[in-house]
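Enquirer: Sequence:
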Amino acid sequence: MRVLIAMSHTGGGHRAMSLALEKALHRQFGSSVSVEIADVFGVGSPSVVERVTRLYGPVIRVAPWFYGWLYYAVNDPRRYQVFSRFSWPATRQKVLHLFEEYQPDVVVNTHPLANRPILDAVEVYSRKIPVVASVSELVSVHVSWVDPRLDLLNTATTESFRCVIGWGADSDRVRCLGLPVDECFATVETTPAELRATMGLDPGRFTALLIGGGEGAGGLEEIVREIQATDLDVQLIVVCGRNQRLRQRLERSRLRTPTFVLGFVKTIPELMHASDVVITKGGPQTIAESLVAGRPVILTQTLPGQEEGNGTFVESRGVGFAPGPVPKIVGNLAKLVRNPDERRWMTANAWRHGKPLAARQMADLIYQVGNY
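Straight run, no breaks: the sequence shown in the working numbering ends on number 395.
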């Protein structure tokens, strides 16, 4: 079976989900599946709209309010219909070229804006190709995720399930398996103490992991500075992603707390297991990965649009704290450092609400649809 996974490099979450699904498909079905991951907005010369999608990283760092404005400008069935009619013809042609090149038996979509051009391409292609999509949000779901031509639509939570039904999705074609996450987040065998030692950190000291996503967003530097002004007995692991300037500033800084600074890494599962808590922007993929790793989360910010509601989500499950000003973020860290009982309670809740089998179950679903 040939599986084409459509994604976009706008943020790290869509790629992480796509890689998790690819790994699950190979784990489940071995050589009986061939998987190709393609950035549908990165094929050939980009159109004007595709160029705009490339601004995601800079915009969420500098002007998240503008991203929110764009999100809501087309988060309406009629407005999105008009937007799609003028925006996606060029992308549809690129999708058709991908179909010709890879000859997929089933297409899996992990990015909302790719739904329309993929399904438009299927309609004019020489043969029927089933399309499965997996919503990458926990609570707030954009209207572009819902299209009656989808064969199946997976959702991450009861909130996102209700949201897509509210947008008009056929409940018979909607599943709620959870957000697909690489199972390795649940299976790191090295102990936290051993992992800390490899980074030159104290094996027994409270450790906080700070992540700003692939773009290094979320006010990480301010939070690190605020922690230095306290007497908290902690050590830090800071992942700056592709934000090289942030990494260089922190590496040059004289910090009171032992701090291990990293750029873009592929060892997030190990870093999470080395930590007692994850301090992160409110991206749904990182939240889901933290829960599978059994780590509570302290959110630093949530983007307007698809991340709205994620703060309420983590607090309603007892797995972390909603975002707030930097002093509040550090105050929430202090609660976990100074209150072991609350930390154990949140850690237990994180293990309970994590969905380590979501990618495997999604792989089974994809295989069934492709063989139908």
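Honestly, I wouldn't trust all of these hints.
With a straight-line cut-off of 27 Å between C-alpha atoms, the simulated DSSO-like cross-links for lysine-lysine are [as the list claims (entries may be wrong)]:
id	residue 1	residue 2
1	Lys151	Lys46
2	Lys358	Lys46
3	Lys289	Lys46
4	Lys151	Lys289
Please keep in mind that the hints were generated in silico from the structure rather than gathered at the bench.
Enquirer: With reference to the structure, classify each hint as holding or not holding.
Expert: Verification of the hints:
1. The straight-line distance between the Cα atoms of Lys151 and Lys46 is roughly 26 Å, inside the 27 Å bound, and the hint therefore holds.
2. For a cut-off of 27 Å, the pair hint linking Lys358 to Lys46 is broken: about 37 Å separates their Cα positions.
3. Restraint check: the Cα-Cα separation between Lys289 and Lys46 comes to about 14 Å, which is no more than 27 Å; the hinted pair holds.
4. With a C-alpha separation of about 36 Å, the suggested pair Lys151 and Lys289 falls outside the 27 Å cut-off, and the hint is violated.
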